[in-house]
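Student: If you count by full-length UniProt numbering, then the sequence shown holds residues 1 to 159, one letter each, in order.
Don't take each hint at face value.
[As the list claims (entries may be wrong)] Derived CB-CB ranges, DEER-like:
{"#": "1", "residue 1": "33", "residue 2": "146", "range": "43 to 49 Å"}
{"#": "2", "residue 1": "140", "residue 2": "41", "range": "25 to 31 Å"}
{"#": "3", "residue 1": "23", "residue 2": "127", "range": "38 to 44 Å"}
{"#": "4", "residue 1": "54", "residue 2": "104", "range": "28 to 34 Å"}
{"#": "5", "residue 1": "98", "residue 2": "16", "range": "24 to 30 Å"}
{"#": "6", "residue 1": "133", "residue 2": "70", "range": "27 to 33 Å"}
If you are wondering where the hints come from, they were derived from the structure by calculation, not from laboratory data. Backbone N, C-alpha and C define an ideal beta-carbon position, used for all residues, glycine too.
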Amino acid sequence: MKENQKSYSVKEATVKLMQYCAYRDRCHKEVEEKLTELRMIPAAKEQIIIQLMQEDFLNEERFARSFVRGKFRIKKWGKIKITQELKSKEVSAPIIKLGLTEIDKQKYIATLYDIAEKKLEQLKEPNPYKKKRKLIEFLLRRGYESALVYDVVNEVLKS
Numbered sequence: 001m002k003e004n005q006k007s008y009s010v011k012e013a014t015v016k017l018m019q020y021c022a023y024r025d026r027c028h029k030e031v032e033e034k035l036t037e038l039r040m041i042p043a044a045k046e047q048i049i050i051q052l053m054q055e056d057f058l059n060e061e062r063f064a065r066s067f068v069r070g071k072f073r074i075k076k077w078g079k080i081k082i083t084q085e086l087k088s089k090e091v092s093a094p095i096i097k098l099g100l101t102e103i104d105k106q107k108y109i110a111t112l113y114d115i116a117e118k119k120l121e122q123l124k125e126p127n128p129y130k131k132k133r134k135l136i137e138f139l140l141r142r143g144y145e146s147a148l149v150y151d152v153v154n155e156v157l158k159s
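Let the hints inform the model, and build the full structure from the sequences given.
Tutor: Have a look at this one:
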């Protein structure tokens, strides 16, 4: 144990975690990691997490919804990549499904077209097959569904 590391009472840790959760929505895993950082014992962790949930500082559904909105609107990620990220944060499948309802179908497809067109302008590949492959790979890496990607790429290359 390091000499300069502060130890926290349950009350102090709870206040610290309330601020942590108030700053932006957090998932359970992030809160648990933060409590581990603060070197809290398992019983204290559990007590703090329960209190955070009761006082609505910690809400997995709200976290999933805001995560989905942010990653789609700002980073323009597809549903597959968003789902993978939420799974890595140990968010349950039903809550991931609820979170994905935040994405409007029309906006989703419009965004995919937008990204495809912008990327197509940037590609300096003379070979049309390689150009198409690069565009498809780019969109798949962004987390869009393959069937949608192929449809959009074929549309964009026609125009």
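Student: Take the hints in turn and mark each one as holding or not.
Tutor: Evaluated hints:
no. : hint                  : result
1   : 33 to 146: 43 to 49 Å : 33 Å, violated
2   : 140 to 41: 25 to 31 Å : 44 Å, violated
3   : 23 to 127: 38 to 44 Å : 48 Å, violated
4   : 54 to 104: 28 to 34 Å : 33 Å, holds
5   : 98 to 16: 24 to 30 Å  : 29 Å, holds
6   : 133 to 70: 27 to 33 Å : 30 Å, holds
Violated hints, listed in ascending order, are 1, 2, 3; each of the other numbered hints is respected by the structure.
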